[in-house]
Amino acid sequence: MDHKGTIQLETNRLILRRFQLEDAEAMFHHCWSDFDVWKWTSYDEMTTVEDLVVKNGLFTHWWMGLYANSNRYNWAIVLKSTLQPIGRVFVITLNEESSELEITYEIGKKWWNQGLMTEALQEIIHFLFNEVHVNRIIAYHAKENPASGKVMKHLGMTLFKIVPDGCTCNAGTFDSHYYEIFRK
16 MDHKGTIQLE TNRLILRRFQ LEDAEAMFHH CWSDFDVWKW TSYDEMTTVE
66 DLVVKNGLFT HWWMGLYANS NRYNWAIVLK STLQPIGRVF VITLNEESSE
116 LEITYEIGKK WWNQGLMTEA LQEIIHFLFN EVHVNRIIAY HAKENPASGK
166 VMKHLGMTLF KIVPDGCTCN AGTFDSHYYE IFRK
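Counting from 16, one number per residue, gives the positions in the sequence shown under the working numbering.
Simulated from the structure, these hints should not be mistaken for laboratory data.
Heads up, some of the hints might be wrong.
Claimed, not checked - Listed next, with one range per pair, are the computed distances between beta-carbon atoms:
{"no.": "1", "residue 1": "ASN128", "residue 2": "HIS44", "range": "33 to 39 Å"}
{"no.": "2", "residue 1": "ASN27", "residue 2": "GLU146", "range": "27 to 33 Å"}
{"no.": "3", "residue 1": "ASN27", "residue 2": "GLU60", "range": "20 to 26 Å"}
{"no.": "4", "residue 1": "LYS176", "residue 2": "ARG198", "range": "28 to 34 Å"}
{"no.": "5", "residue 1": "TRP127", "residue 2": "HIS76", "range": "30 to 36 Å"}
{"no.": "6", "residue 1": "LYS176", "residue 2": "PHE105", "range": "20 to 26 Å"}
{"no.": "7", "residue 1": "TYR82", "residue 2": "LEU174", "range": "29 to 35 Å"}
{"no.": "8", "residue 1": "GLN35", "residue 2": "GLN129", "range": "20 to 26 Å"}
{"no.": "9", "residue 1": "ASP190", "residue 2": "LYS95", "range": "32 to 38 Å"}
{"no.": "10", "residue 1": "GLN23", "residue 2": "VAL68", "range": "20 to 26 Å"}
{"no.": "11", "residue 1": "THR63", "residue 2": "ASN145", "range": "37 to 43 Å"}
Said to hold, decoys possible - Okay, derived cross-link-like pairs now, BS3-like style, lysine-lysine, Cα gap no bigger than 25 Å in a straight line:
{"no.": "12", "residue 1": "LYS199", "residue 2": "LYS165"}
{"no.": "13", "residue 1": "LYS158", "residue 2": "LYS199"}
{"no.": "14", "residue 1": "LYS158", "residue 2": "LYS19"}
{"no.": "15", "residue 1": "LYS158", "residue 2": "LYS176"}
{"no.": "16", "residue 1": "LYS158", "residue 2": "LYS124"}
{"no.": "17", "residue 1": "LYS165", "residue 2": "LYS176"}
{"no.": "18", "residue 1": "LYS95", "residue 2": "LYS125"}
{"no.": "19", "residue 1": "LYS125", "residue 2": "LYS168"}
{"no.": "20", "residue 1": "LYS95", "residue 2": "LYS124"}
{"no.": "21", "residue 1": "LYS158", "residue 2": "LYS95"}
{"no.": "22", "residue 1": "LYS165", "residue 2": "LYS125"}
{"no.": "23", "residue 1": "LYS168", "residue 2": "LYS124"}
{"no.": "24", "residue 1": "LYS158", "residue 2": "LYS125"}
{"no.": "25", "residue 1": "LYS168", "residue 2": "LYS158"}
{"no.": "26", "residue 1": "LYS176", "residue 2": "LYS199"}
{"no.": "27", "residue 1": "LYS19", "residue 2": "LYS95"}
Backbone N, C-alpha and C define an ideal beta-carbon position, used for all residues, glycine too.
Modelling step: build the complete structure from the supplied sequences, incorporating the hints.
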């Protein structure tokens, strides 16, 4: 892979960029404080902005410093119309040997069913395939969160395995549905 790090990307409606320390409050209010978003994550409970930092280690100088690594991919999803971050796309595992990676994502409930996550991921997948030269991208969702799987299908990803009790998140333990897409 030819790592580039989290570079800024744009779509018609979105700016995909590195997080900034001052994004913590917006991400808390727009995304992670909502139970319907949080329940599909493994983050500790967040009832205040400070919980992002204290309980989850997000938006710390150490966390921001990880951007110095060229193999760090963690995009804030920012609406062009408001310049506010409303979600994120994050590479959670990299396999250099097989040139594949696994992504995860979340977006505030207010922006569900508007095609924004699909739009963000299309641009990021294009970048990862064409600039970083990733061969395969994997993502999974809990069976009980089919909306996440719908995004994967819209991206052209295909189901390749189901792992019983493979997803443990704040909502419980569920079967994991794994999807993949290959570079053409």
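Status of the hints after comparison with the structure:
1. ASN128 - HIS44: 33 to 39 Å: 20 Å, violated
2. ASN27 - GLU146: 27 to 33 Å: Between ASN27 and GLU146, where Cβ atoms are some 20 Å apart, the hint is violated.
3. ASN27 - GLU60: 20 to 26 Å: 35 Å, violated
4. LYS176 - ARG198: 28 to 34 Å: 20 Å, violated
5. TRP127 - HIS76: 30 to 36 Å: This hint holds: roughly 32 Å between Cβ atoms.
6. LYS176 - PHE105: 20 to 26 Å: 21 Å, holds
7. TYR82 - LEU174: 29 to 35 Å: Between TYR82 and LEU174, where Cβ atoms are some 33 Å apart, the hint holds.
8. GLN35 - GLN129: 20 to 26 Å: Cβ of GLN35 to Cβ of GLN129: about 24 Å, so the range 20 to 26 Å holds.
9. ASP190 - LYS95: 32 to 38 Å: 37 Å, holds
10. GLN23 - VAL68: 20 to 26 Å: Between GLN23 and VAL68, where Cβ atoms are some 24 Å apart, the hint holds.
11. THR63 - ASN145: 37 to 43 Å: Since THR63 and ASN145 have Cβ atoms about 40 Å apart, the given range 37 to 43 Å holds.
12. LYS199 - LYS165: 22 Å, holds
13. LYS158 - LYS199: 28 Å, violated
14. LYS158 - LYS19: Roughly 33 Å between the alpha carbons, so the hint for LYS158 and LYS19 is violated.
15. LYS158 - LYS176: Between LYS158 and LYS176 the Cα gap is close to 12 Å, so the pair holds against 25 Å.
16. LYS158 - LYS124: 19 Å, holds
17. LYS165 - LYS176: 16 Å, holds
18. LYS95 - LYS125: 16 Å, holds
19. LYS125 - LYS168: Holds. LYS125 to LYS168 sits at ~21 Å (cutoff 25 Å).
20. LYS95 - LYS124: Status holds; Cα separation ~18 Å.
21. LYS158 - LYS95: 32 Å, violated
22. LYS165 - LYS125: 17 Å, holds
23. LYS168 - LYS124: This hinted pair holds, its Cα atoms lying about 20 Å apart.
24. LYS158 - LYS125: 22 Å, holds
25. LYS168 - LYS158: 14 Å, holds
26. LYS176 - LYS199: 21 Å, holds
27. LYS19 - LYS95: 23 Å, holds
This entry does not satisfy hints 1, 2, 3, 4, 13, 14, 21, going by the numbered hints stated previously.
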